[in-house]
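A.B. asks: Top to bottom, those sequences are chains D and W.
Under the working numbering, read the first sequence as residues 1 to 114, first letter to last.
Under the working numbering, read the second sequence as residues 1 to 443, first letter to last.
One thing to keep in mind: the hints can contain errors.
[Stated by the list, open to error] Taking beta-carbon pairs under 10 angstroms as the criterion, some of the chain D residues facing chain W (in silico):
hint, residue
1, E10
2, D14
3, R17
4, E18
5, A22
6, E43
7, Y45
Derived from the structure by calculation, the hints contain no laboratory data.
Ideal placement from N, C-alpha and C gives every residue a C-beta, glycine not left out.
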Amino acid sequence: MKLITAIIREVQLDKVREALIAAEITRITVSRVSGHGQQRIEEMYRGQRIVPDLIPKIKIDIAVNEAFVDITVDAILKSARTNSEGNVGDGKIFITPLEECIRIRTGERGKSAI
Amino acid sequence: MKKKFKRVILVLLFLFVNVSGLFAADGKPIDSGATAWMLTSTALVLLMIPGLAMFYGGLVRSKNVLGTIMHSYVAMGIISILWVIVGYSMCFGKNILGGWFGWNSNYFFLKGIDNSVLDAGIPEYVFSMFQCKFAIITPALIAGAFAERVNFKAYCFFIALWSLLVYNPLCHWVWASDGFLFKMGAKGAIDFAGGTVVHISAGVSGLVVALYLRARRGYPYQVIRPNNMVITMLGAGLLWVGWFGFNAGSSISSGLSTAQALTATQVAAAAGALSWIIIESFHQGKATALGFASGILAGLVAVTPAAGVVQPWGAMSLGIIASLLCYMAIQLKNKLGYDDSLDAFGIHGVGGVAGALFLTFFIRKSWMQEAAAAHGGSWTVWNQFGVQALAVVIAILFAAGMTFIIIYLLDKVIKFRSTEDDEMAGLDRSYHGERGYGMLNPS
Numbered sequence: 001m002k003l004i005t006a007i008i009r010e011v012q013l014d015k016v017r018e019a020l021i022a023a024e025i026t027r028i029t030v031s032r033v034s035g036h037g038q039q040r041i042e043e044m045y046r047g048q049r050i051v052p053d054l055i056p057k058i059k060i061d062i063a064v065n066e067a068f069v070d071i072t073v074d075a076i077l078k079s080a081r082t083n084s085e086g087n088v089g090d091g092k093i094f095i096t097p098l099e100e101c102i103r104i105r106t107g108e109r110g111k112s113a114i
Numbered sequence: 001m002k003k004k005f006k007r008v009i010l011v012l013l014f015l016f017v018n019v020s021g022l023f024a025a026d027g028k029p030i031d032s033g034a035t036a037w038m039l040t041s042t043a044l045v046l047l048m049i050p051g052l053a054m055f056y057g058g059l060v061r062s063k064n065v066l067g068t069i070m071h072s073y074v075a076m077g078i079i080s081i082l083w084v085i086v087g088y089s090m091c092f093g094k095n096i097l098g099g100w101f102g103w104n105s106n107y108f109f110l111k112g113i114d115n116s117v118l119d120a121g122i123p124e125y126v127f128s129m130f131q132c133k134f135a136i137i138t139p140a141l142i143a144g145a146f147a148e149r150v151n152f153k154a155y156c157f158f159i160a161l162w163s164l165l166v167y168n169p170l171c172h173w174v175w176a177s178d179g180f181l182f183k184m185g186a187k188g189a190i191d192f193a194g195g196t197v198v199h200i201s202a203g204v205s206g207l208v209v210a211l212y213l214r215a216r217r218g219y220p221y222q223v224i225r226p227n228n229m230v231i232t233m234l235g236a237g238l239l240w241v242g243w244f245g246f247n248a249g250s251s252i253s254s255g256l257s258t259a260q261a262l263t264a265t266q267v268a269a270a271a272g273a274l275s276w277i278i279i280e281s282f283h284q285g286k287a288t289a290l291g292f293a294s295g296i297l298a299g300l301v302a303v304t305p306a307a308g309v310v311q312p313w314g315a316m317s318l319g320i321i322a323s324l325l326c327y328m329a330i331q332l333k334n335k336l337g338y339d340d341s342l343d344a345f346g347i348h349g350v351g352g353v354a355g356a357l358f359l360t361f362f363i364r365k366s367w368m369q370e371a372a373a374a375h376g377g378s379w380t381v382w383n384q385f386g387v388q389a390l391a392v393v394i395a396i397l398f399a400a401g402m403t404f405i406i407i408y409l410l411d412k413v414i415k416f417r418s419t420e421d422d423e424m425a426g427l428d429r430s431y432h433g434e435r436g437y438g439m440l441n442p443s
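Kindly produce the complete structure, drawing on both the sequences and the hints.
C.D. replies: Shown next, in the form of structure tokens:
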């Protein structure tokens, strides 16, 4: 079991969700986060250029069984890129091993609980 | 002795000042009571526009909240300017071009009414600014039908053109003393504060644009939920408060008819709100806040044309009828699947038609007697119903046809519908470069 964590642009959320649903990945957790990566954006505020320290992003957490890792990653890669080459700030995907997964309702554990 | 003399002079001076204050340059006396109420009403109707902005703003997704609020606010800018330049003249000038709209070169830039006082005893500036607020809120109402999916620049041109080509002619027909609907039948088509001019025209036009632009991306499969019901409720409350200016101010006086309109307004709003949550409770099991707010609006919209002619029981009936019909209209919309996003047609169009037609059955006796006298003896409810129905049909056909021509032509010049990317990113980011709820994220 793996935990796939993707940090993406806010504006790509709709596209990423649609791609995931098309790949039949529907069990996800989405949160608003702020962070700083390579991206430097300039915003205008009252006619002044400012560079925010922390940029709002969307974080998606998906717990999957091994067989679905590539499908999920492909779907995110395809949909989170802002054009064919991609731009700085499109985000990252982290994959971490997932030790255990427990469904609270039934108490069942492991692969079948995902 | 000297002191006494001084006092006499002082008293005379005060008298002179007072008297000169009461008479305007053209000699008509100013009724300070009526003027004070009309000034208040003008401010109250303006308050409805931030109210509408909040009502609509809370109902869209968080990425569109500022864009939606701006649809109302920018109308305050654009329509005010247009109103001063040509709007007042087109609405309240003398018939030209066969009565399509009015014109009076004195009203151009309002330059000729600096000292003018109306027969009602209020300065013409006050009347003009009061009417200006109606012209502002009407196009802002339409925006609810096509929320979350239009280009800001195209929207600005749309409301400017719509105001000139739909609102001003309709307003002239219904409210100018030589407008043809004002003179129809025994005592004219009844539209006290804008059922046909404001609500039917806005609702129908909204429906036409919503159908033309098609549904939002993902509608109806993707759930599109309100971002903040709290500001929606605050907005609905402000609309209710502002509506006292809208209806009671439309008496253009401060007297009995004002009090009648004020009472009808309160009763209809309350009856509409209560009946909506009762219907909803039976139908879906819960009384929602949005249902209460929708009921307030349905009741207020329905009593708008009727406020001058119905008694409290009539207003109550209108509120109940309007809520029932608007509720059914929204259920029907969900079945048919067109995307009137915030139910501008479902509430303003349907409620406006319901009010304009059903008010006929609740008209107070004295009005009918006056109408009968004016018509030479007899004037029945059904006679008046015919007049009302004709006015409604004319308003619907004119608003729908003209709106279609405007968007069809405008769309050739500036794409009205947002691009797919802009729509997904949200209006706030795409057209305003801002975010409504930046404070929810540390930045």
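A.B. asks: Does each hint fit the structure? Answer for all of them.
C.D. replies: Each hint, compared with the structure:
| no. | hint | result |
| --- | --- | --- |
| 1 | E10 | holds, 8 angstroms |
| 2 | D14 | holds, 5 angstroms |
| 3 | R17 | holds, 9 angstroms |
| 4 | E18 | holds, 8 angstroms |
| 5 | A22 | violated, 13 angstroms |
| 6 | E43 | holds, 7 angstroms |
| 7 | Y45 | holds, 9 angstroms |
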